[in-house]
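Using the sequences and the hints given, assemble the complete structure.
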Amino acid sequence: MDGIKILATFSVLVLFYKLFTYSKKGGVSQKEAVKALLKTEFREFELVEKEQLTHNTAKYKFKLADESHVLGLPIGQHITVKTIIGGKPVSRSYTPTSLDEECVGFFELLVKSYPEGNISKHIGDMKIGEKINISGPRGFYEYVPNVHKHLAMVAGGTGITPMFQIMKAIARDPSDKTRVTLLYGNVLEEDILLKQELDDLVKQRPDQFKITYLLDKPERDDWEGGVGYVTLDLMKESFPSAEEDVQLLVCGPPGMVSSVKRNAVALGFPRAKPVSKMEDRVFVF
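Here the sequence shown is numbered in the working numbering, starting from 40 and rising by one per residue.
Just so you know, these hints were derived from the structure itself, not from any lab. Some hints could be false.
[What the hints assert, rightly or not] Heads up, simulated DSS-like pairs for lysine-lysine below, C-alpha to C-alpha not over 30 Å straight-line:
{"no.": "1", "residue 1": "K74", "residue 2": "K100"}
{"no.": "2", "residue 1": "K249", "residue 2": "K275"}
{"no.": "3", "residue 1": "K151", "residue 2": "K234"}
{"no.": "4", "residue 1": "K170", "residue 2": "K89"}
{"no.": "5", "residue 1": "K127", "residue 2": "K100"}
{"no.": "6", "residue 1": "K89", "residue 2": "K242"}
{"no.": "7", "residue 1": "K100", "residue 2": "K170"}
{"no.": "8", "residue 1": "K78", "residue 2": "K166"}
{"no.": "9", "residue 1": "K188", "residue 2": "K249"}
{"no.": "10", "residue 1": "K151", "residue 2": "K89"}
{"no.": "11", "residue 1": "K300", "residue 2": "K234"}
{"no.": "12", "residue 1": "K170", "residue 2": "K98"}
{"no.": "13", "residue 1": "K316", "residue 2": "K151"}
[Stated by the list, open to error] The following label-pair restraints were derived from C-beta to C-beta distances:
{"no.": "14", "residue 1": "V304", "residue 2": "S107", "range": "42 to 50 Å"}
{"no.": "15", "residue 1": "V304", "residue 2": "E83", "range": "41 to 49 Å"}
{"no.": "16", "residue 1": "K256", "residue 2": "R301", "range": "17 to 25 Å"}
{"no.": "17", "residue 1": "K166", "residue 2": "K242", "range": "30 to 38 Å"}
{"no.": "18", "residue 1": "D246", "residue 2": "P293", "range": "28 to 36 Å"}
{"no.": "19", "residue 1": "V129", "residue 2": "N95", "range": "14 to 22 Å"}
Idealized CB from N, CA, C, for every residue including glycine.
As structure tokens, then:
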């Protein structure tokens, strides 16, 4: 019975948020903007700008069909990118770093390209003016303000993108009092993505946001962040008790995700489900 009540509460909150978010915040428009995404079919979007962030990671800007359109992606969800490689269709999911409220007429993707990667290498090799096929939105998480008092986040590598998107949405909404504690792990300092943007968010909401950066291999003696993996002790020290109103969000490499899920159980969180739902206490993107 309690589960039914929780589901009903989430449904009402999501509906309320969708109905009033544009008028309350004065977002893209007082009326609903035209959304570029379609779940049922792939659409082409043209690459108009590429900014190299690290040796293998770049931010890509794609324009929409009309400069007044928005992508139409709920906060916390992702898109599917598809292309043909070797005569066969391949696809992969990505979470844009841009929000509809701030990016009208375009959207942005953060992509780490691997030599052996299919989609990531294809995007990395794209030239300005070339197009990719995208559909969406996809996913079971849709952020709604003030549902939980605290979001405990663990991210690794490009797994930062949904966390960054959620934090940006919180920072843009003066009425959103949700607190965020983020543990963000990478191998080297140069691998930390969106660090300046993340630090700026902390400056905007110093009483709400806290970030700990972790490195496997710090290369300087004066590194002030953490060293090593996201351990049980670190999670216990950083996050509120599982008995409090806190939701744990996880996104990153499979090994990190598996470890964090085990640690969460040891801390008193429910065991993560094979497919996470928005109302779950532990949500894996």
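Each hint, compared with the structure:
1. K74 / K100: The hint holds at about 17 Å.
2. K249 / K275: Answer holds: K249 to K275 is near 15 Å, not above 30 Å.
3. K151 / K234: This hinted pair holds, its Cα atoms lying about 15 Å apart.
4. K170 / K89: holds (13 Å)
5. K127 / K100: With Cα atoms ~26 Å apart, K127 and K100 stay inside 30 Å; holds.
6. K89 / K242: holds (27 Å)
7. K100 / K170: holds (11 Å)
8. K78 / K166: holds (26 Å)
9. K188 / K249: Roughly 14 Å between the alpha carbons, so the hint for K188 and K249 holds.
10. K151 / K89: With Cα atoms ~13 Å apart, K151 and K89 stay inside 30 Å; holds.
11. K300 / K234: holds (25 Å)
12. K170 / K98: holds (15 Å)
13. K316 / K151: Answer holds: K316 to K151 is near 27 Å, not above 30 Å.
14. V304 / S107: 42 to 50 Å: holds (47 Å)
15. V304 / E83: 41 to 49 Å: With a Cβ separation near 44 Å, V304 and E83 satisfy 41 to 49 Å, so the hint holds.
16. K256 / R301: 17 to 25 Å: Given a distance of about 24 Å, which is inside 17 to 25 Å, the answer is holds.
17. K166 / K242: 30 to 38 Å: holds (36 Å)
18. D246 / P293: 28 to 36 Å: holds (34 Å)
19. V129 / N95: 14 to 22 Å: The hinted range 14 to 22 Å holds for V129 and N95, with Cβ atoms some 19 Å apart.
Hint violations for this structure: none, all hints satisfied.
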